[in-house]
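Number of protein chains: 2
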Amino acid sequence: MSNAEVNLLNNVRIVLVNPQHPGNIGMAARAMKNMGLSQLYLVNPKDFPSKEALYRASRADDVVEAAIIKNSLKEAVSDCSLVLGTSTRERIMSQTILNPREAALKITTVFQQEKTAIVFGCETFGLVNEDLELCQFQITIPSIKRYSSLNLASAVQVICYELRMSCLEKEIQSEKISRTTPLASAAELDGFYNHLKQTMIHIDFLNPECPRKMMERFRQIFNRALLDQEDVNLLRGMLSAIEKNR
Amino acid sequence: MSNAEVNLLNNVRIVLVNPQHPGNIGMAARAMKNMGLSQLYLVNPKDFPSKEALYRASRADDVVEAAIIKNSLKEAVSDCSLVLGTSTRERIMSQTILNPREAALKITTVFQQEKTAIVFGCETFGLVNEDLELCQFQITIPSIKRYSSLNLASAVQVICYELRMSCLEKEIQSEKISRTTPLASAAELDGFYNHLKQTMIHIDFLNPECPRKMMERFRQIFNRALLDQEDVNLLRGMLSAIEKNR
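Chains as they are written, first to last, in my numbering: chain A, 10 to 255; chain B, 10 to 255.
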């Protein structure tokens, strides 16, 4: 595990305030564990401990069983340096509103060494103002206006996903293509295109008088594919088989 | 609504293959609607129509009721130019693996005008190889290795969230790959791959007893190239010329 992942596991807690349905507690625990979080705090859960919560947790029952129960949000976040409250409502309180990605960036960079709480309100009406006052930032998941309320566990999933993405970001390159074989060199590509051209002429598909346009189309296709050495070997093998079969 | 949001609503479908629990169908519909998607396709759902699905959908029952049922994944994606399959397993097939953000970027920029399908396998074992073969790209949600399997609706939530984030970002920046020709549909690609296979068998390049591995390599190359209709015409023209010349 990277340092960021260890910090995520140890320093970031998910706090559910007054969860009404134990199934949501279980599903939130599963969402957390999938993304490498483990610390679940429950403030006055309506129905807990609960078999339904364990069932819905799938194999994240360890997270459910280790959940810490508190009587108030204040108690649940008292040792945290950073407290963020999720809300679909726009700016009820005065905090800066972050989207999940901005929040994750803040948590995993600025506050890496600090205990952090991400707070979710109850299913029916979210966080009340008194709870939001304990939060330094508000997180709003950018749902559509006419239908903005996510399922509680789904909201936890989105936030935990962004936290994990933020942790992994250094390792993730944009559109990574995992390859074990080196990409073909310019000389290898040139060899392939010459071979392709000769074969296309031999099977009368390419007019040797004006080969340019078709070869350009072929280049466009294969250049987009970013051929590696094995790809070139396969394609040249095919060309040889075509020649042999004439 | 911005253009990107309209495209998301009209052009991007979520396909659930063999969903076992109707509750997950309902929750997936809710996740979709929260993020501005509406097109739900179900391939051989185990228990549908279902009251449980409607109940779990909350107020996204319109999405559930408009769901289109198909007998095979092939039918569900035949008119799509871009088909992406979600899988937690690493590189079973040959596709490029994208994380949800990369996939969303691809869908909302390159494929703005094209029909796109995002495919999710059943709860217990995900997508089978036969289904993954119909996908040009694989999406993997970066969960932790020891506990990688997300709840089905949670996985849908993460992907739909990234699509919406991508749409909202598009209003700020636009990165377009200009194409004048429409991309090849799944059916057109399928026709090309079948033609390629037959031709490779005819010229003794492919052993018809075990065609799988080599065809996978070919798919890997051409899927990366994102073929448009003219590309497919050119390549099939080449295959016909090969056949004629034998």
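Just to be clear, a hint being listed does not mean it is correct.
As the list claims (entries may be wrong) - Straight-line alpha carbon distances no greater than 25 Å define the calculated DSS-like cross-link-like pairs of lysine-lysine that follow:
1. B:Lys179 <-> A:Lys115
2. B:Lys222 <-> A:Lys253
3. B:Lys253 <-> A:Lys222
4. A:Lys124 <-> A:Lys83
No wet-lab data here; the hints were simulated from the structure.
So which hints don't hold here, by number, going up?
-> Going through the list in order, the structure violates no hint and respects every one.
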